[in-house]
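Trainee: When you get a sec, could you build the whole thing from the sequences and use the hints?
From first to last, the protein sequence lines are chains A and B. One point on numbering: in my numbering, the residue at position 78 of the first sequence is 87, and numbering is uninterrupted. One point on numbering: in my numbering, the residue at position 79 of the second sequence is 87, and numbering is uninterrupted.
Don't take every hint at face value.
Computed spacing ranges between beta-carbons, pair by pair [what the hints assert, rightly or not]:
1) A:L65 - B:E152: 54 to 64 Å
2) B:L108 - A:E239: 16 to 26 Å
3) A:E239 - B:K288: 25 to 35 Å
4) A:G158 - B:R376: 46 to 56 Å
5) A:A216 - B:K288: 50 to 60 Å
6) A:G158 - B:G143: 38 to 48 Å
7) B:T380 - A:T191: 51 to 61 Å
8) A:L300 - B:E397: 31 to 41 Å
9) B:A192 - A:V171: 25 to 35 Å
In silico DSSO-like pairs for lysine-lysine, Cα to Cα no more than 27 Å straight-line [as the list claims (entries may be wrong)]:
10) B:K288 - B:K321
11) B:K432 - B:K332
12) A:K249 - B:K321
13) B:K175 - A:K247
14) A:K247 - B:K161
15) B:K161 - A:K249
16) B:K355 - A:K247
17) A:K249 - B:K175
18) B:K333 - B:K355
19) B:K355 - A:K249
20) A:K249 - B:K332
21) B:K432 - A:K249
22) B:K333 - A:K247
If you are wondering where the hints come from, they were derived from the structure by calculation, not from laboratory data. Heads up, the beta-carbon is just placed ideally off N, CA and C, and yes, glycines get one too.
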Amino acid sequence: MSKQKTQVIEHSSAQTPDPGAASGGASGLLGNLLHGPAARSIGLVLALAVLVAIGLITSGDRFMSSDNMLVILRHASIIGVLSIGVTFVITAGGIDLSVGSVLGLTSVVGSLAVVQTAAAESTWLVMVVVALLVGAFAGLINGVIIAYGNVVAFIATLAMLVAARGLAEIISERRTLLVTNTDFTGFMRADFLGVPVLVWIFALVSAAGWFLLNRTTFGRRTVAIGGNLEASRLAGIKVKRHIVSLYVLAGIAAGIAGLMMMGRTTSGTSTHGYLYELDAIAAVVVGGTLLAGGRGTVMGTVFGVLIFSTLTNVFTQNNMDTSVQALAKGAIIVLAVLLQQRFAVRKERKAKKQPLKA
Amino acid sequence: MLQDEKPRPLLEVHGLTKRFGAVQALKGVDLSVLPGEVHCVMGQNGAGKSTLIKTLSGVHQPDEGKIFWEGQQVSLPGPTAALDLGIATMYQELDVVDGLSIAENIFLGHEHATRGVLHVKRAHATARSLLQRLGHGNLSPAREVGTLSTANKQIVSMARALSRDTKLIIMDEPSAILDAGEVANLFRVVRELTAQGIAVVYISHRLEEIREIGDRISVIKDGQSTANNLHVAQTPKAELIRRMTGRDVANVFPERRPLPLDAPVVLDVAALELEGHFAKLSFTVRAGEILGIAGLVGSQRSEIVETIYGARKATAGQVTVNGKKLVPGSVSSAVEAGIGLSPEERKSQGLILDEPIYKNVTLSTFERFARTGLLDENAERRAAREQIEALELRPADPERPARTLSGGNQQKILLARWLVHGTKVLLLDEPTRGVDVGARAEIYTLIRRLADAGTAIIVISSEIEEVLGLADNVLVVDDGHVLAQRTATDIDEHGVLDLVMKGSAA
Ligand SMILES: Nc1ncnc2c1ncn2[C@@H]1O[C@H](COP(=O)(O)OP(=O)(O)OP(=O)(O)O)[C@@H](O)[C@H]1O
Ligand SMILES: [Mg+2]
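Mentor: Given below as structure tokens:
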């Protein structure tokens, strides 16, 4: 892990003497775009391109049709929203294994008869608020146990993974609750400008996540804590409070994903989101966020999610075995990470050959 | 003395160059080390000393240049190659594994084992004799390294260097983390080693030390050798400084101005206690005053400032800043009240190594630059650049990751952090550790200028001379007790040491 980290660092140090990046201001922004996360995404773009090419070769027009593109995006949207939340937690050096279960729990609570009755009497936004609160509350518990109870994040969220699933089963009595509020399902299943609302939500959450991570003090705190927790604490950052808010954020993301799931399936059940946490973590890591913390990229996560959903699509188009698909997924995770490291090393070598500027 | 003989050099280096990306760290360095000598390598922060020794220990590969070992040209593709030749290195940043025992650390990578089964008893016996040789027979080989003080971790690192058949030990700023007593022990060990014919390459920014322990000196400036094999006894201090910096630096402490009688008390520490460390600690620091805390390693100096700052939770007592009571154990309450701490261990406590300089400089102020939660990175860059200029931080590029800076320049980042927005109370734990002569004078001047502007400052340093030269008043502490409080001009280095000796005897 640490070895991988150093390589990446040398690579970024090799590019920073770029005068454009150094002089700050507008050119600094440009420098960031050219050398920052965007440049690191080259491997991801390549991987996605290869998958698209395979799709084209194997199923041609059927794959490239705009309908199919939307299928890929819609498929990506729920895991995508979940992954954006997880990106923040991992960037800060934590992990959240519970997001899939919490998704299931929010979908169950959001579909409860009481909630739906209340929604029918006023507005379907009641369901939204309830689901988000449930997600936030689960995240709050995670965060408090981790930050103030000093329990390792892996264990605390593993416990939440089990407990949230259990609670969802108790509440739903292991039954599937139907979402009868047609205003809600109508909204979630609608298209806007020819693009499904689910995809719009994914796009909005991604944009908001990117902004939050790169442009706000919240994002700076997140990266700082992941980079060096003790230094951040000694610099006066309220580390514990921030860690709690990160898990709350991941919980809210799970709540949004739960709502999307309720819309797509018109049901709430404890099995929703089963094993989604693994897909989310895989997407985040493939996207280039360091599992050790200190570096995170929302854009990379979006690519990671798209890669996996394109892969699934290519396999379904060709009626291939889901076991083979799982095998391919595993291979992609390893390949993508290896590829990123390769790029980092090559860049550094290239920079070395450049003549020295006095 | 050595200079009269003409033995074959143990190690010879010709025209070494090394480039990191666009940074030319070494531009042509020569070095020649004789068996049994203490060869000092000097140079300013970022001159390339650590890079040089890392190429000699196989960590970095030189781009050009030749290395000769006992007359034979060699290449050092990795650390093991260097170790096998007999070159052991104690790095500037200690590289011991906290979770392992002393013995396990010493034999890391060359364990006593038969078919993978460790010989624990033999390892412990060998470790014990190595520790004895280093004057630390009291340390148990089974003790976990994480529980040791920094000085003792260094002893472990040295024992590891000696655990092989070593002919050359390279020490990168070993004294930076030691106090006067520990340095004396280090020198005793070094003399013992050289008497056995082992050569030592010694890096330090402290000229007095080099005068005491060194035989010959080589100077590097901006990655290039500017002098080789100067004899210590025949080279005046001023010449060394000129060769290092290219100019004359008067290494004096800035003038003190008499404190105005009506200077208000800014920091009030009342009956502060940290259980197991110190108790009933009371003192005040007034606006414009520099209070020095002098003491040996283990005197709980760092614990005292960390408790004032809230990084450790006081078990009793009260810290007050300008009449405002601080919440015990809350760093943010201290920072809000206007206290800043530059911690002792810059890598683990101070810096985010992978982040650029400017983000490290603004780590405690980025919120103040921001508007309604939105970062203003350009304002941060501007502020950082101002501090880079003021402190002559090199390279003067706010975008450089902190990891790639030399040790002294990393230290300057930490100072810069608290200069960005005026702090009322500045706690400086070893502010010049690993900082070169030229920059030291600048940092002293800067600290004094801050005090003159009304900041209350506490300085901790294991160099007693520095505490006495810089501070207005001095607290002499030992094992968490204040032995004396004096005006700095009323006491000298011997006086401080006497107090400590008497204090420990009592
Ligand atoms: N891994 C790296 N990547 C990029 N630049 C580096 C790296 N390591 C060192 N440098 C640069 O090489 C130059 C020499 O650094 P070095 O650490 O050798 O200095 P030094 O003489 O040991 O200084 P100090 O006295 O502060 O320890 C500096 O400009 C530093 O920024
Ligand atoms: Mg160095």
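Trainee: What's the verdict on K333 of chain B and K355 of chain B, does the C-alpha distance respect the 27 Å limit or exceed it?
Mentor: violated (31 Å)
Trainee: 50 to 60 Å was suggested as the range; check whether the CB atoms of A216 of chain A and K288 of chain B agree with it.
Mentor: With a Cβ separation near 57 Å, A216 of chain A and K288 of chain B satisfy 50 to 60 Å, so the hint holds.
Trainee: Would the hint linking K432 of chain B and K332 of chain B be met if the CA-CA limit is 27 Å?
Mentor: holds (12 Å)
Trainee: Is K333 of chain B within 27 Å of K247 of chain A, Cα to Cα?
Mentor: It holds: about 19 Å lies between the C-alpha atoms, which stays within 27 Å.
Trainee: Between L108 of chain B and E239 of chain A, does the C-beta distance stay in 16 to 26 Å?
Mentor: holds (21 Å)
Trainee: So does E239 of chain A sit 25 to 35 Å from K288 of chain B, Cβ to Cβ?
Mentor: For E239 of chain A and K288 of chain B the Cβ distance comes to about 28 Å; the hint holds.
Trainee: With respect to the beta-carbon atoms only, verify the hint that G158 of chain A and R376 of chain B lie 46 to 56 Å apart.
Mentor: Cβ of G158 of chain A to Cβ of R376 of chain B: about 31 Å, so the range 46 to 56 Å is violated.
Trainee: Falls inside 51 to 61 Å, the C-beta gap from T380 of chain B to T191 of chain A?
Mentor: Given about 39 Å between the Cβ atoms, the range is violated.
Trainee: Sort out whether K161 of chain B lies within 27 Å of K247 of chain A, counting only the CA atoms.
Mentor: Status violated; Cα separation ~31 Å.
Trainee: The hint says 25 to 35 Å between A192 of chain B and V171 of chain A; measuring C-beta to C-beta, is that right?
Mentor: violated (59 Å)
Trainee: Could you grab the alpha-carbon distance between K355 of chain B and K247 of chain A and see if it respects the 27 Å cut-off?
Mentor: Between K355 of chain B and K247 of chain A the Cα gap is close to 20 Å, so the pair holds against 27 Å.
Trainee: Taken at face value, is the distance from the CA of K321 of chain B to the CA of K249 of chain A at most 27 Å?
Mentor: holds (15 Å)
Checked against the numbered hints listed earlier, the structure breaks hints 4, 7, 9, 13, 14, 15, 17 and 18; every other hint is satisfied.
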